[in-house]
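Peer 1: Construct all of the structure, not just a fragment, from the sequences and the given hints.
Number of protein chains: 2
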Amino acid sequence: MRIAVVAPSCTLKREAADAVEAIVATRGDCELVIHPQCFLSDGHFAGSDEARLSALREVMADQSVDAVWFARGGYGSNRIAEAALADLPQAAGAKLYLGYSDAGFLLAGLHKAGLEVAWGPMPQDALRQGGEAAVTRALDWLVRRDLSALEQGLDGPAMAFNLTVLSNLLGTPLEPDFTGVDLLIEDVGEHLYRIDRSMFHVTASPAVRMVRRLRLGRVSDILPNDPDFCGDEASIVEQWCARSGIAFGGRANIGHDARNRVVPFPRGNR
Amino acid sequence: MRIAVVAPSCTLKREAADAVEAIVATRGDCELVIHPQCFLSDGHFAGSDEARLSALREVMADQSVDAVWFARGGYGSNRIAEAALADLPQAAGAKLYLGYSDAGFLLAGLHKAGLEVAWGPMPQDALRQGGEAAVTRALDWLVRRDLSALEQGLDGPAMAFNLTVLSNLLGTPLEPDFTGVDLLIEDVGEHLYRIDRSMFHVTASPAVRMVRRLRLGRVSDILPNDPDFCGDEASIVEQWCARSGIAFGGRANIGHDARNRVVPFPRGNR
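As given, the protein sequences belong to chains A and B, one line each in that order. Just so you know, numbering that gives the first Met the number 0 puts 154 at position 155 of the first sequence, and the rest follows in order with no gaps. Just so you know, numbering that gives the first Met the number 0 puts 258 at position 259 of the second sequence, and the rest follows in order with no gaps.
In short, the hints are calculated from the structure, not lab data. The reader is advised that the hints may include incorrect statements.
Since copy identity is lost for identical chains, a pair holds within one copy or between any two.
Stated by the list, open to error - Distance condition first, Cα-Cα at most 25 angstroms in a straight line; then the derived SDA-like pairs of lysine to any residue: (1) 12 / 30; (2) 12 / 49; (3) 12 / 229; (4) 111 / 257; (5) 12 / 223; (6) 111 / 207; (7) 111 / 205; (8) 12 / 193; (9) 12 / 225; (10) 12 / 230; (11) 111 / 242; (12) 12 / 187; (13) 12 / 227; (14) 111 / 48; (15) 12 / 89; (16) 12 / 224; (17) 12 / 226; (18) 111 / 208.
Peer 2: This is the structure:
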């Protein structure tokens, strides 16, 4: 089992890479190839658009690679996602792609292209408190599709997205088909008024209204609202579900933290 | 000329109301009716959704009101916009609606419903440095469609939006027809990576790609990006225009400041 790590968004911290390599060495059930592009830095990004795209395309086309693991989120995968999906090499279809947060732009597009993708922890999570468990969970899924890594409320086709990322991919060529899926959302570092506004936007989408249910993960590091917003993320999400006729399926065990679990997207047709 | 002020988003400051009333008293060419709803407070909003909707519907249906002036932005007009547009009373069609920022949700929906709307300064702007000029500019447009209040680069049908508001209304029932218009955008209080992400989202929209040109107003109070984003708002906007095939029409004289000018939307059909 050969797992390639690339960084389509921001630069991977060297300490995180070291920690993940130590975990992999202990396990002994897989080989990790951290692409040098992960450590590039070009302004906000882990290298220029060209460098990030080139590394991603390289591992997608590599027949010796069984899985592509996105190094971390941040921002930037949307800038290369469409180009990454053009003229897919045959080898790209025989891999699993794993990540979350900003990598959701790629998960959406890769899923739409018929590839196997899953939401789940990333190498940079090694630096979180309890991060070893998150990394181990991701590897358990990557190496042996260990069901204990899954979000435990899954009982049918599902997708997971950062709410703000989801809002920003609607109407773009990356927008997947949400029909009949449980849509799990989470967010981090937003004001509640922004959560409310994103929920307005997302639940107004006729495509999103095709979901079976919407489930709410954790919304962490909420920025102070002045004045106080009144209400919390759960009341906001429940209200927009009620207003839009989307069934609310309760809370979900995903978020920007070490407890974040794996949510495999339904496998489409190529 | 009777101008009604309502607050579909956040609470109007009493000092702003006083300052605007003093300006109106000096002019003597119009009557200002500041609805008491403007001073309500319910969490983030100028009263509950019901209170804000009720005040807006009241002035829209009032035959003695010639113009509806949105008190200020903030957040919240999207929560009542669809309901405000339902079963429009006859009198709603004989008025001008003026505002900007968060009020863009309403401008979009009212325009789509065939009403006369314009982007321009609001009563709360009285509190800005140089705010008297902004308020006077708005009143000059409201009272006598004074052409000197206009954004001076307009040479055809145009619309103006806060970029983040625009991103959040795409795909909703409020989305207007952008075909052939100059689309002016501005923003305030965002990180450059968010400006980049919003530009990705907005320029990916097939509806937005129908514009004649996109012009960039001021992007103010940019939040620090860590690491430095590299580039500025102009290079970001020009790049996404180039990537999406949208003509970039240069800078525009709008923004969250006292220099903000009036941009009347094209008058549609009811």
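Peer 1: Hint by hint, note whether the structure agrees.
Peer 2: Tested hints:
no.	hint	result
1	12 / 30	within (19 angstroms within a copy, 62 angstroms between copies)
2	12 / 49	within (21 angstroms within a copy, 49 angstroms between copies)
3	12 / 229	between (38 angstroms within a copy, 20 angstroms between copies)
4	111 / 257	neither (28 angstroms within a copy, 46 angstroms between copies)
5	12 / 223	between (28 angstroms within a copy, 21 angstroms between copies)
6	111 / 207	both (15 angstroms within a copy, 23 angstroms between copies)
7	111 / 205	both (18 angstroms within a copy, 19 angstroms between copies)
8	12 / 193	between (29 angstroms within a copy, 22 angstroms between copies)
9	12 / 225	between (34 angstroms within a copy, 14 angstroms between copies)
10	12 / 230	between (36 angstroms within a copy, 23 angstroms between copies)
11	111 / 242	between (28 angstroms within a copy, 22 angstroms between copies)
12	12 / 187	within (20 angstroms within a copy, 31 angstroms between copies)
13	12 / 227	between (36 angstroms within a copy, 17 angstroms between copies)
14	111 / 48	within (22 angstroms within a copy, 38 angstroms between copies)
15	12 / 89	neither (31 angstroms within a copy, 62 angstroms between copies)
16	12 / 224	between (31 angstroms within a copy, 18 angstroms between copies)
17	12 / 226	between (37 angstroms within a copy, 13 angstroms between copies)
18	111 / 208	both (18 angstroms within a copy, 23 angstroms between copies)
Of the numbered hints listed earlier, those contradicted by the structure are 4, 15.
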